[in-house]
Amino acid sequence: MLLLDIGGLDKLCNYVGTRLGNSADFTLRPIDKPGCRLAVMYIRNISGRQYIADRVVAPLVKYCDNSFRGGFDSLLQSAALSPCNSPEEAVQSLLYGNLVVAAETDRLYCTVVGADNFAHRSVSEPDSDVTVKGPRAGFTESGEGNVAALRRVIKNPDLRVEKQTVGSLTGTDVFIVYLQGRADEAVLSAVRRRLKTAKASCVVDSGNIEQLLAPKGSFFPTLGSSEKVDKVASKILSGRVGLVCDGSPFVLTAPYVFAESIQSAEDYLKPAWYATFMRCLRFFALLASLLLPAMFTAAVYHDSWVLPSVLMESLHEMEKDIKLSFFAEILLMLTAFEVIREVGVRMPRSVGEAVGLVASLLVGDATVEAGLAGTSVLLIVAFSETSGFIVPAMSSAGVLLRYLYLFAAYFAGFNGLLFAFGLTVIALLKKKSFGVGYMTPLYPLNPRGMEDFLLAIPKKTLGRREKLK
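The numbering of the sequence shown is the working numbering, which starts it at 5 and goes up by one.
Note that these hints are calculated values from the structure, not bench results. All C-beta atoms, glycine included, are put in the ideal place defined by N, C-alpha and C. Among these hints, one or two may not hold up.
Across the chosen pairs, the derived CB separations fall in these ranges [unchecked claim]: (1) N89 <-> K137: 47 to 55 Å; (2) R48 <-> T339: 46 to 54 Å; (3) P275 <-> P139: 13 to 21 Å; (4) K66 <-> N18: 22 to 30 Å; (5) G138 <-> K66: 49 to 57 Å; (6) C284 <-> Y407: 20 to 28 Å; (7) V136 <-> R59: 39 to 47 Å.
When you get a sec, could you build the whole thing from the sequences and use the hints?
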């Protein structure tokens with residue numbers, strides 16, 4: 005606990021104060037005793053004042069004298085003591101909510117005392133991942149608190165936690181959480197390497213980490229993201245690596261494969277037949293969300309034989325008084341729906357849902373009354389957009405793919421649609437997430453892994469290590 009190369013207590017205090025710009029919330033508490041000069045430094049509001057007064061200042065005033073030789077361990081009533089060996093280390097410790105205690109007798113001694121008192125949000129059920137059955141606890145903005153929440157679920161001595169600092173300006177802590185012996189070493193090495201080489205000045209959320217770790221030009225998500233403790237814990241138990249970013253309630257997991265987008269934590273809490281049915285439903289809802297507007301567009305303009313003649317006649321009957329073309333109707337309503345959804349998200353929560361609902365009703369009714377869109381188009385777009393919500397992980401990619409398929413179908417019919425869809429499938433088959441095939445267990449084929457793809461067999465798969473290659 006000896007502080008070297010600073011030249012005395014006064015120089016240390018001056019250095020720390022200058023380095024922090026003599027900030028208004030920086031506190032320096034000098035204590036002068038015969039033969040012993042002391043200084044307690046901390047930043048108000050992020051360090052506990054009562055703790056400092058009772059556990060630090062009081063023992064120093066009472067027991068420290070000219071015989072002191074750096075024995076802070078026996079003097080201070082704290083379980084979080086660490087040596088401080090440079091002035092810059094003292095500054096960084098203060099920024100993390102700790103306090104720095106320096107004592108000058110025959111030489112200068114210094115230690116860091118853990119006393120952070122950051123305000124934390126209480127644990128609650130996350131809004132982004134609602135569950136009907138199962139644990140409801142969600143993560144908070146405290147990185148260390150989130151790691152503790154994972155340890156509470158995974159009471160295993162093989163659970164490992166590593167810490168890296170990312171962001172040259174923010175100095176954000178990122179915790180790598182994995183289960184030794186289950187996590188793939190290649191994936192773990194890739195995560196460590198990408199974090200170390202990530203060049204960013206500002207990291208305030210796990211979304212920033214996701215963008216830093218994702219390969220260039222990545223269209224589909226390569227990292228999972230969740231606010232639910234049990235969901236992330238189950239992924240770590242299956243062999244994935246968790247990334248906890250301090251300041252964010254969303255915890256990332258790597259690698260992320262396509263199969264995870266149609267899986268739910270509730271699948272393992274319900275009968276196998278029901279979970280399997282729901283996974284199939286999610287998969288076909290995803291396909292309908294992407295392809296339905298394009299399929300009707302291709303049928304109207306190029307391949308009318310695909311649809312039954314009765315349906316085509318009904319469709320033409322509903323569209324005969326519409327001022328816009330069928331393609332323009334679809335394009336208009338898709339864009340209007342995305343705008344309304346964005347408005348609902350950006351508005352304050354108390355009015356956002358109501359505004360989104362009212363706007364949807366008004367826009368739908370007004371466009372039909374004005375002859376800008378038919379009821380058939382409203383039904384097609386509404387079902388397509390609503391189906392996309394059932395697979396939220398693919399929502400961002402789904403928006404662009406929906407437009408891509410629509411234009412392909414308009415210009416080239418079903419041939420163009422099949423070509424665009426085929427390119428998407430090829431891209432998915434070639435894609436990798438941290439060295440793991442994105443379409444595993446379909447490609448490369450893993451028969452054992454198929455038990456947890458569309459099929460859901462909780463008794464066989466719950467807690468099993470996945471083969472991620």
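Which earlier hints turn out false for this structure, listed by number in ascending order?
The structure breaks none of the hints.
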